[in-house]
Structure formats: structure tokens, C-alpha cells
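Undergrad: Using the sequences and the hints, build the whole thing.
Quick note, the sequences are listed as chains A and B, same order. To get my numbering, take the position in the first sequence, counting from 1, and add 113. To get my numbering, take the position in the second sequence, counting from 1, and add 20.
One should not assume that every hint holds.
[Stated by the list, open to error] Here are the computed lysine-lysine pairs in the BS3-like style, where the Cα-Cα straight-line distance is at most 27 Å:
{"#": "1", "chain 1": "A", "residue 1": "Lys891", "chain 2": "A", "residue 2": "Lys993"}
{"#": "2", "chain 1": "A", "residue 1": "Lys1098", "chain 2": "B", "residue 2": "Lys275"}
{"#": "3", "chain 1": "A", "residue 1": "Lys1004", "chain 2": "B", "residue 2": "Lys207"}
{"#": "4", "chain 1": "B", "residue 1": "Lys211", "chain 2": "A", "residue 2": "Lys493"}
{"#": "5", "chain 1": "A", "residue 1": "Lys1133", "chain 2": "A", "residue 2": "Lys1098"}
{"#": "6", "chain 1": "B", "residue 1": "Lys136", "chain 2": "A", "residue 2": "Lys1098"}
{"#": "7", "chain 1": "B", "residue 1": "Lys176", "chain 2": "B", "residue 2": "Lys211"}
{"#": "8", "chain 1": "A", "residue 1": "Lys1199", "chain 2": "A", "residue 2": "Lys1098"}
{"#": "9", "chain 1": "B", "residue 1": "Lys71", "chain 2": "A", "residue 2": "Lys493"}
{"#": "10", "chain 1": "B", "residue 1": "Lys207", "chain 2": "A", "residue 2": "Lys522"}
{"#": "11", "chain 1": "A", "residue 1": "Lys993", "chain 2": "B", "residue 2": "Lys136"}
{"#": "12", "chain 1": "A", "residue 1": "Lys493", "chain 2": "B", "residue 2": "Lys207"}
{"#": "13", "chain 1": "A", "residue 1": "Lys144", "chain 2": "A", "residue 2": "Lys345"}
{"#": "14", "chain 1": "A", "residue 1": "Lys926", "chain 2": "A", "residue 2": "Lys1192"}
{"#": "15", "chain 1": "B", "residue 1": "Lys275", "chain 2": "B", "residue 2": "Lys211"}
{"#": "16", "chain 1": "B", "residue 1": "Lys275", "chain 2": "A", "residue 2": "Lys493"}
{"#": "17", "chain 1": "A", "residue 1": "Lys926", "chain 2": "A", "residue 2": "Lys1008"}
{"#": "18", "chain 1": "A", "residue 1": "Lys1133", "chain 2": "A", "residue 2": "Lys1199"}
[Stated by the list, open to error] Beyond 12 Å from chain B on every Cβ pair, some chain A residues (computed):
{"#": "19", "residue": "Gln141"}
{"#": "20", "residue": "Arg492"}
{"#": "21", "residue": "Leu970"}
{"#": "22", "residue": "Ser1005"}
{"#": "23", "residue": "His1042"}
{"#": "24", "residue": "Thr1093"}
Source of the hints: derived by calculation from the structure; they are not laboratory data. Every residue gets a Cβ at the ideal spot worked out from N, C-alpha and C, and that includes glycine.
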Amino acid sequence: MALILDLVSGDIALFHVFTWLDIGSVHQDLKELLKDETENIRYSFPQLLIAFIKEQSSSIVKLHNIHPYELHTISSPKRENVLPTVNNLTLSSPSPNFKNNGSCQETRKIRKITPQRLDLSSDSAFPSLQHSTQTREIPKKRRINPTQLIESPVATRVPLQFGSCSRPSPPALGHNAFNQALEQSCHKSLDQERALLKEKKHQITIPTISDLGSNTPKNWMCVEPDINFVTKQSQLGRLSALFSFCLSRNLVPSVFSEIQFLIQLLVLRVSPAKLKQTHLAQSLLDSVHNCVYFSAKTLEQVESIWCHVDQSILQQLRHNPRLLLFCSEWTNDKLPKLISSITNVDRISPHKTVANVAFQTETDNRFNFASDSSFQVFRKQRDQFCEAWQIWKVNSSIPGWNMSIALQKMIQSLVDLRRDCVNYAHLARLFRLQLLNVAQLVKPVNELEEPDGPLGQLQSSDPDKLRRLRDRITNPPESRPARCIGTENDIKMHFEGDQEFFRDFILLAASPAFNEHLKNSLVSGIEDLSSSEDCDDRAQFAETIIALQVMAKFLGFLHFYPHASADHLPEHIFHHLSRLRISQREPIDLVSYIKDAFHRGRLVLVIPWVVTYLTLADPVSLCLPGFHSVLCHLIFVYRKAELAPANSFLIRILLGWLFSQSNFPLPLLAKPDDDLLIEFGNLSLATTEDQLPRLDQSRLVDSSLVHQCCPFLWSWKHLLAEFACSDAKSSGEKASLSRKITPVSAEENSSPVKAPAVKTLQQSLEENFFHNQPSSVKRTVEFVAERLASNVVRDVRHQIIPRLVLNAQATLKTWPSTAKDPVESLCLQLCVDVRNEAASAATSAIASLESTLTALLPNDLLPPVRRVCVSIASKLTQGKVLDWIQLHVTKSLFKNDLEVELAKLDKSCARRVTTPGCPTASDKPQVVHDSTTQAPSFLIDRLKTLIRQVIRDASKVTEQDLTDLLSNSESTLHRRVDVTPIVSKCLQQLTFDLLFIVCVFQPESVGSQTITAWVTFWCKTYPSVDPAETEEPVQPPGALISTCVWQVLTPKQLLLLAQSTSPRESWNHVTTLLLQLMKSGLVRYKDVQEQAIAVVRQEWPQELLGRFATCVRDIVDWHRNKKSDPNLSTAESCEDDGLLSWLSWFCAQDDL
Amino acid sequence: MSNQNKYSRTRDSLYKLPFRNRIQSLQKLFPELSVDTLKCVVAQECQKRMKGSHGRLTTSETVEAMYKKFTNSILMNEEPGILLRLSDEVGLTPALLARSIIERHYQRDDKSKPAKLLVSTLMKNTALIDDRDLAFETYLCLLEDDEYGPIAEATKQSKGYEYEIYLRMELENCKVSFLHEDHLRMKGYDKTPDIKLEIPVAIDGQVINWIESKALFGDEEVHRGYLKDQLYSYWNRFGPGLVIYWFGYVEDLEKIHQNRIILIRDTLPTNMVLMDQHL
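TA: Following this line, the structure appears as C-alpha cells:
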């Protein structure tokens, strides 16, 4: 402390200090002051400086009170307990033992025992030159954060519709600096304070209350800063210069916190009454005037920060009355210029909504599942997942809605619907992709309202009021939506907006298997994106960064959640836990990612997610040896990494945020570079075959991305806005000032080491070939080969295999029934065929390689080089296709199809009626659809009506009607593509029924040509089926013999015939019909036999039986003639006529 | 008929009509509505009624009683149309009644129901029924029933498919490129809308990615059913889409979807905006 005071009040050129801090060379003047501790102090100097400033301002800051009536004391005792742990460490001197042990606990012990090094916090080592009070006022806190941070139990999530951003909420520690300050403020003895107060009064005149009273409400009074009352200007100037140097060189651990602190000093409000009562220790920053002066000067000098923040923050600065007063030049001149140079780009269109994860055949179709049931179950899981998400979106903002009541059952059942690794993996993938879709839509700005509307005006004039209004609407005090599990101090895992759904989904699902798969999915997602090449434009880059952050956040959540505790861990338990976890493996190798990013110039992509991941770490984790190295790497990056200004700002703000987390092991920050370097390992790791674009120097980061990645930055604006609008406020209700958002985080495993393959000479040739070509050549060749092979495989899968299987199925029908295991031999044959065809498909695909590659490869390649590329690509393509075939084209691929077909053959032939145009009949010639023909449904309706009318109403059907119907049926069945098999079958039945019924009821309308024409039509449309297929497996009880449509002599038909008014004609027609059907082969002689037997089982009128006998005799006669015809000797014709002849004779007997 | 009131009125008048030939009566009451729409409304009402009462009307006891009644009537030599009259009496549609009677007629020795395949074969081809009277009576029932039975099923299926094909043709005319169900099934999709647009189109300012054709009238119940089983699944996978109820729909159905965009129309809109494909 004394050192800083000496520096500030002395006259050593600050330039020397800067040089020392920068490169470590010590000027003579400085040497005296620093004694022999230069190197030791150098790294802790910025922290000393901060501690000094805070100490100097502590007494006045304690009095800060924006709510004159009362302080809302919401701090939780639990959390304050945490603080001393951290604070003990705060100002510890760097200990040489430090780098050897990762555990804070041990460190602490060691420090206590061996204070052999310079202890900067010790007053005996650095006796105060100023005041005796210093000896007592040992800072209890590392820094003072005068913001009153209030965490309402629920408000961390503002349930607005997607796209709106919830206000940043504080990280876990909602400790209230003010309350602490209050508690600590009564330490000094009263006498001392009084004495100091007297002294003070001599020095400073405080503006009287009446000066201010006129334009402020009577219950709100505070000291207004006045530049004329600033004391010790030169010292303040030097202090400010030192501080701003440390800030702009990123020497302080957290730029964010320090700027925050400066703004707090700027908006400091102290009521004169309080000031009167309290004794102030005399220090540099002991008055509002001095504080504001110091703050304004420093803020002005850290211009490098301001060019990366949001316009609205700059606007607040510009219009801040105190800044206007203290540095008018900056606010009136430079700031407006800066503001106009920054353009806010809103990447997210306001109307964009969260898209669902699209179904992709490559990843989601049946081939990506091990079995049909797995595929079918995942279909359900996918729909239920989407449904749960929808329900949540609609209901989550409704007061009283409880996710665990509403969705727990659904979520649990859907997650474990099939306990199978394939389903878990698919679900995890779906979960991750949906999460990424959601994350992309979080607005970088936390105000949604358009600036013109009434709310927009309120937004600019009184943001706090708007927020309170909004809170009241969305979260009525009594009925805030109950969050799923625990309260928010359960764990420090903060998720905003729609991300809550995903967190609660994980918690409610409570499925270890799912969690494991999700971890894997996130790790591989991070792996993929971290090595992403598509970072060309800002939008793409921002998308990648956000996606990485959100994946890291959920990975961190999954990994650290089991270790979270709401309690402060006592030291022995902490120690015990850290020993338990001493060899715990992280799911992702952060160190290698950081190293890799450092060497490849991709820190700007990697650091944000690494920080996000670590922000979720529990206190024990960060003290584990595994993390020690990670943190050292990060500190090294923080100090040394060279990036483009905006990129640098982004990663340093994030790292600073991480370093200011309460559970960060602070002593690490004071480590010299050299110590860290050891941690970094061999920095010289050459980056030879670097194919990824280097990003750190590109101009990809803009202020909106910065704010999207670091939502906590909004607290600067909130502080300023709060101040701006509280001028006119007297309301005592203002409880919360600002909240912070914990950024996201995640992590991942390093890629598995590939087993070294045995290289052939050719392979090394190829490797060398690519090595010496531009990297794009290799990428292009590999890409083209990959795509080409994928297309060939697709062809094989969708064209070749279905076609060959269809052929095989057809072959199965004609397969001699004596053959043994037809399926087995057919499968073998199919394998051979598919392989052959696939090979030829690959060959023909490769033919296009030449032209493709010519178009894609750099056009200055030598022709021979291009030829080599073509040959490599074709080799790769063929290899890939071959691999696929080896893996997939096996007997089992076809077995199922053929067995099903075989089973069908065994079963029934009835279903396999195919008609032209029916969608399954792929081998039929393509039919050109004729929409002028009658629609099949119309035809069915017409036939049905006609039949009904003939039977019921005896309506007249003319021969012409029948002819028309025939031609209509013909054209419908042959010239339309919308006839399904069922419809075709139905038409077959109905046309037959109609003809039969007209024959029976109106024989006069039927001529023999009509019957012949219809039978010809049926013959053509419904060709008779193979004899083998008509074997009827379903032998029902009763007389059901054949399912054939053409039933002429069954009991029902005879019953109809019995109703005929002119039986002779009717029977003639029916006999003709039956004969025609038999002649055309549609009905077999055997069928008639069976039908006839069924008829005589029942009782019938004698007259009918007589006619039946005649009919049967005609059939027998025809059959006899046919048999004697040598041209028609079929197997069937050899059948015996005896049975039917006898039946005919039997039925003709009168006395039956 | 997009008006909710009119739809309710139609339904109300429907309830008051006897079961058979209601379409003709309705046509007189609502001449401005198309026959197809009326058919759909009647069919849907009938299906809803049957869903509610089928189980109750086909317990083994009631079937036994109906079968007795039927055999009695045959013995009494009643006029043909016995089952039709019985159908009006008990409130089961003719085809459903006939099916129950057939099941009873072919019951196994242990009084269990016969194989489903047997019953449906007999329903399709009544000439195969061994009892001539039952065969004829069943046939009469099938001819009278527009909602159930193989003929009605074939008609319904045919209608659905006709409109699907019609839609495909229309889209082809409009030069819209798409995959249809069969393609999708072949590619292994787990959910297959009738049409999946390979290049999206916009209708009334809304982009759609798929089309589902429904050859019926869309009332709320029907629509909710489809949303649950099909439309939301499509939305989950492919995003916003269009469903066409060719025979009309009740207005305001789109409200049910909340924020999930699924357009409803009764024809393929002619004002589709295609993606600009000029270079």
C-alpha cells in the first residue's frame, strides 16, 4: 500500500513505472522505492494498485446510498461465508511453493507457516506513511462492489418470448458489498472518528444541503461533485494514469470488474447527512469530488475499451452529467465521434423464430438405426420431444405453471422409451441440435421493444421502470412460475430464457444413460465446430462462437452439476472432496484446445467456450491439479496473446470475468510469466501443416457479438442508466440495480489418436504429393471423392438393391418348390449381383471426376498434377464404395425381404392383384394419366347404386348401360394412375356382381356378346393367377373353398337365381357366363366341382335344382369335349368328370 | 363452408334425421353446399356416433340377441332386408351389423370369434358365405352402407388417393419440384407427408415445406386428430406446411396450432410464389 502511495505522491516519472511493468527493466529511481523485490512485486503490482484504490475509497463508498430510506439487505449469510476463503488469498504474496501444488488448501497452509517472502499486505513490511488507521483497516475484501446485487429467487429467468434477452443476472455470489461494508463500518473507535472528522472539516467544505435541496425531492439528497472541491489533483492524476495503464495493458485481472468499479465511483451518491455523521479516514479518495474526478479521468483514458462496447453504453457515458462536468472535452467531442464510428449490426432478424431440427435422410432415416423397432420408437421420441418443447414454450411464462408437474412424466418416458444406445445417441443429437437452434436466437441486446413505441420511449427515458413494469407483468409477486428443481442457490448454474427448458429437461429426465450420450454429443459437437473452417463472415463466425458457448455450457452443467453445493464447504470437507477427485478426468482436454488455439491463432474461437465451461466449475474442481494447468494457460493467454483489438477485447473481458469469479484461485494470477510458461510446455511446437484459417487477426468480432458472449457487460449500462434516471426518483422501492449473466460453458475430449498405419511407398508418395500442393488441393480431392462415393452408395441403396430384390422376389415365385432353401441361394446370388452392379456404377461415376476436379482445383495446376488428383480421387471413391459394400451388402440384407415375400406366397394370392397404374406395380409400363376418365370412386359409387336399384327397385338397366359401364371401367382401370389395388379389387367384384345380377333379374338386357365382352375385359385386367398360388391356406370351417371372385354356383347366387322372374333365360345366361369364365381360364373345373358340392349340402326347391342340374350337365359336356380336343391337353383336363356327372343326375331326380 | 355457425347448424339438422339417405335430405336443407361436403359431414358424424356406441352395441349378449332375431325372421320367411331393418332398429350401421352377425354365424366351437381374415374375405365376397340368406342380407347391407364395409372403404380410399394424384398433377403443372410419399418411404423417412417440397414455395407470404391432402371436411375434431398423428410430426421435421381439406373446413382452425405454422386451405392456392432460380 505504502508503495503505491509513494509512487503516487512522489515524483518518479510514471514512464519508468510503465516500462518496468511492461518489460521488467527497473529504472534507478524505481529501484530505491521497490527495494529488492522488483520481480516479485511486478506481477502483483496491478492487484496492489486495485487494492490500494479500493482501500482509499472504501470509507466514502461505504456511504454510497442510492436509496436514502433503507438498504435492501438481501445478502445471504451463506454466501458471505464464502468470501473470507477467497479474501484470505487475495493479497497473499506469491509463494514459490505455489506452482508445485494445485490445491488452494495446501497453499493456504503453507502461506501461513512460511511467510518468508515479502508480504505486501502486511503493514509491518510496508508501514504506512500516512495514517495510523491503516494499521487497523486491513481490507477484508479483495474489491468492493458497491452495486446492490439482488437476486430475486426467480427473476434470473425473464419468461419472455424467445428472442428477447433476459436481463443479466448475477453469478452465484449475490453478496452485497454494502451490507458487508455496513457491518464492518463500526470498527473504529468513536474518538478517533471524531478527531478525524474535525480534521476533515478544516480541509473541505461540503456543499450545503440547501444548495441541492431546491431541485431534488426532499427525501433525496446527495453531495453533487464539483471540480472545484477536488483535492490532491496531481496525485489523483498520477493514480489515474497508473490505473488506466494497467487497464489498457490488461495487467489487472479483470477489466470488467475494474470498469464496473470506476463507474460505481462515478455515480457515487452520498447523502450529506450521512457524511456529517461519519468520520472519514483521510485518503486520496475520501470525497465524492475526488472519486468522481479520479473515475472520470480514468474512464476517459481507457479509450481502447470503449470502441468495443455497445453504442447505448457510450450514449449513457456521453450524457452522464458528471462526466459532462469533469471531462467535457471527451464527452462533447471524442465520444460522439466514437459513437458514430460504431454501427450496431443486428444479426438476428426480429421475425425469425426457432426452427425445429430438420429431418435429414443422411442422419435420420431407417438406415441410421439398427432395427425397425428402434427406428419406430425414435419417431415417437422425436415427436414427443418436440411436443414437450412446444408445451414448455407456450406455458412456461404462465404463472403457476410447473414444468415438473406438467412434463416430468412425458420427459421421463420419452427419454427411456427404448433403453438402447442407438436411441439415446439419436435423442442426444436431437437435443443438442435443438439447443443450438435456440441459442442462435438469443438477442445480443436485452431490449426487444422498438424504439418508437411507448415502451421504447420508456426504455430510453427510464429503463428501470420499464424493467419493473415488465417484471410485474411477467412475474406477479405471488405467483411466479415455480421452477423445476430447487432454488437458484441450489447450484450456481444459470440458464436464461429458453435454455431453461433444456436444463430442466436434463434434470427431469434424470437418465444417466441419456446424460452420458449427451455429453458425448456435446464433446463431439465442440470438436467439430472448434475445427470449423467456415468462419469467413461475421455472421457465420458469431454463430459458431455462440454454438460453442452453449454446448460448453451444457457440457459444464452435466459435468459439474453432481459437484454443486449450496453450502459453503468447510475446509476439511473441501480437502476430502478434492482428494477424492484428484485423478478425475475431464470430459474434454482443455489444455490441448488452448495450446492448439494459441499456436494456430484461433484463440478468439476457443477462449469464449473454455471460459463458459469453467464458469460452471465448482470450487473444488478449480483447485484440482488437472485444472491448475488449464488456468495457468489461460492466464498466460491473458497476458501474452496477440490478437486484433476487438478479438483481444473479447477474450480478455471473458478471461477477466473468469478470474473475478469467487472460486478462482487468485494466487495464480500473481505468478510470473516464466512459471506459467513451464505450464505451457513447449511453446515452440511448430505449426507446420496448418490448414485451418487463422482467426485471431481477422476482424470478425463486433460489439454485438461481444455483448452476446458477455452479457454481463450490460451491467455497466445499467449502472449508468440507473443513475441517470434516479435523479428524479424518490421511490424507495428500487431494489435491484443490476444483474449479471453467467456466460455459457462447455468442454470436450481431444481427438483419439489414430493408430499409425503401415505406410506403403505409394502412400508416402501420395502424402508428399499433397504436402507440397496447396492445402485446398487435398481438401478438394477428398471432398469430391467423398461426395461421389456417397452418391454411388445412394444409387446402390435406392435403385440397384430395390430393383434386384424385386427381380429376386419374382424369381422366388417360379422357383421350383423342390429346391432346398431358395432364400439362401437367392441371397448369395443377390450379393454377387449387387456387388457387380455397384462396381460398375462406381466406374461410371468416376468418369465425371475429370471435369469436376478441373472446375474445382486451382487452375494453374499442371495437367499431370491434375491427372494425379483425378486418379487419387477415383481410387478414394472406389475404396469408399467398396468399404460400404463389404460392410453392408451381406446375405442378411436381403434375407428379410425374401422371407417376407416367401411368406406372402405361402399365404394368399388375393392381395397381390396389381393393376396398371397401381403404385406398387413398378414393372408395368408407365401409364399416362387421363383425368377425363371417370374417377374410380365415382365408378364404385355408380356400380353400387345400380346393383342396389336392380335388386331393390327393379330399375331397368339397358344393354347400352352395360356397354357404357364396360368402356368406363376399362378406361378407368387402364388409363388412370390413381387406382389402388384395393379399389381395383373392389371394381372387379362389383362389375361381376352387376353382370350376374342383371343376368338374373333382367336377362332381356344381356346378350351373349355382352357376356363375352365383359369376360374378355376381366381376363385382360385381372389375369388368372398361377395354380400354385390359389392353394387356399385358410380353410375355414364351413364351405369356404376358394376366395376367387368368380362365384357362379354358390348358395347366395342360387338364392338370387331363385328370385328370377324368367328363370330359364336367367339360367341360360348364367351358364353362358360360367362357361365363358371357364374357357378363359378364370374359373377352373375343380372350382365348379367344389361349388356344386357346397350347393347340394343345402335344401333347395326342386325346380331350382333341376335347372342347376342342367347347368352342371352343360359344364360337364363342355369339359368332355375339351378333353377330347388334343390341342388342349392340360393337367386340369385330365380330371375326372364322374363327380359332377353324378351330381347333375342326382339333382335332376324329382323325388329328391 | 367455413363458417362455424353454419357447420353447427348442419350438424344439428343432421342429428334429427333418420340414419339412411340423410344426404338427400340435407341437400334440400342446404342447397348451397356441395354434395361431397355434405357426404363428408354425414360420414364424419356417423363415424363419431359409431366410435361412441360400437362397443356397447356389439357385446356378445347383444350380438347373440340380434342373431336370434335374425334367424327367427328367416324362419318366419320375412321379406328380404331383415338386417337393414334391424340396423335401423338398433342404431348400428348395416355393414357393422352384418359383420357382427357373420362373426356370430362363423363362431368357433368354443364360441370365440372366427379369424379376422375369414370375416373380411366373406364381407368382400358375400357369395362365399355358406348360408344363402345371410349372404344375401349381408350383400344388401353393404350396398346400403356408405361409411363401413369393403365397398365404402374402397370408395374412401379411392377418393383420398384421387385427390393426392390430382394434387401431384397440379404441382407438376405449376413446376413445383417435390417428393411424394412413395419416394419418401423409399428414402427411409420416418414420417411421410403426401408432398414434401424439395424447393419450398410461399403461399400468402408464408413459406411452406410440405403439403398434406385430405379428401374430407376439416372440422375441429378431425383436424386435432390429424395434428396429433401427422401434421405436428411433419412440422417437427420439416417446418411450416400446408394441409388441404378438399371438401372445406371450419374457419379459425389455424388458431389451434398456436405458434406452429400450418396453413389450411380447401384447394391448392394458385398464387404460389416459387423460389427465384435465375442466375
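Undergrad: Now tell me, hint by hint, if it's right for this structure.
TA: Quick rundown of the hints versus the structure:
1. A/Lys891 with A/Lys993: Given that 27 Å is the threshold and the Cα spacing comes to 16 Å, the pair holds.
2. A/Lys1098 with B/Lys275: Since the Cα atoms of A/Lys1098 and B/Lys275 sit roughly 41 Å apart, the hinted pair is violated (cutoff 27 Å).
3. A/Lys1004 with B/Lys207: Within the cut-off at roughly 21 Å; holds.
4. B/Lys211 with A/Lys493: 10 Å, holds
5. A/Lys1133 with A/Lys1098: Given that 27 Å is the threshold and the Cα spacing comes to 14 Å, the pair holds.
6. B/Lys136 with A/Lys1098: 19 Å, holds
7. B/Lys176 with B/Lys211: 22 Å, holds
8. A/Lys1199 with A/Lys1098: 23 Å, holds
9. B/Lys71 with A/Lys493: 25 Å, holds
10. B/Lys207 with A/Lys522: Violated: B/Lys207 and A/Lys522 sit about 33 Å apart, past 27 Å.
11. A/Lys993 with B/Lys136: 49 Å, violated
12. A/Lys493 with B/Lys207: Given pair A/Lys493, B/Lys207 holds - Cα atoms ~19 Å apart, limit 27 Å.
13. A/Lys144 with A/Lys345: Holds, at roughly 25 Å.
14. A/Lys926 with A/Lys1192: Roughly 25 Å between the alpha carbons, so the hint for A/Lys926 and A/Lys1192 holds.
15. B/Lys275 with B/Lys211: Satisfied, since the Cα-Cα distance of roughly 24 Å is no more than 27 Å.
16. B/Lys275 with A/Lys493: With a Cα-Cα distance of about 25 Å, the restraint between B/Lys275 and A/Lys493 holds, given a limit of 27 Å.
17. A/Lys926 with A/Lys1008: Answer holds: A/Lys926 to A/Lys1008 is near 16 Å, not above 27 Å.
18. A/Lys1133 with A/Lys1199: Satisfied, since the Cα-Cα distance of roughly 22 Å is no more than 27 Å.
19. Gln141: It holds; A/Gln141 is separated from chain B by about 72 Å at its closest Cβ, greater than 12 Å.
20. Arg492: Violated: least Cβ distance 4 Å, not greater than 12 Å.
21. Leu970: 23 Å, holds
22. Ser1005: The claim holds: A/Ser1005 sits with its nearest Cβ about 17 Å from chain B, beyond 12 Å.
23. His1042: 7 Å, violated
24. Thr1093: 5 Å, violated
Going through the hint list in order, the structure does not satisfy hints 2, 10, 11, 20, 23 and 24.
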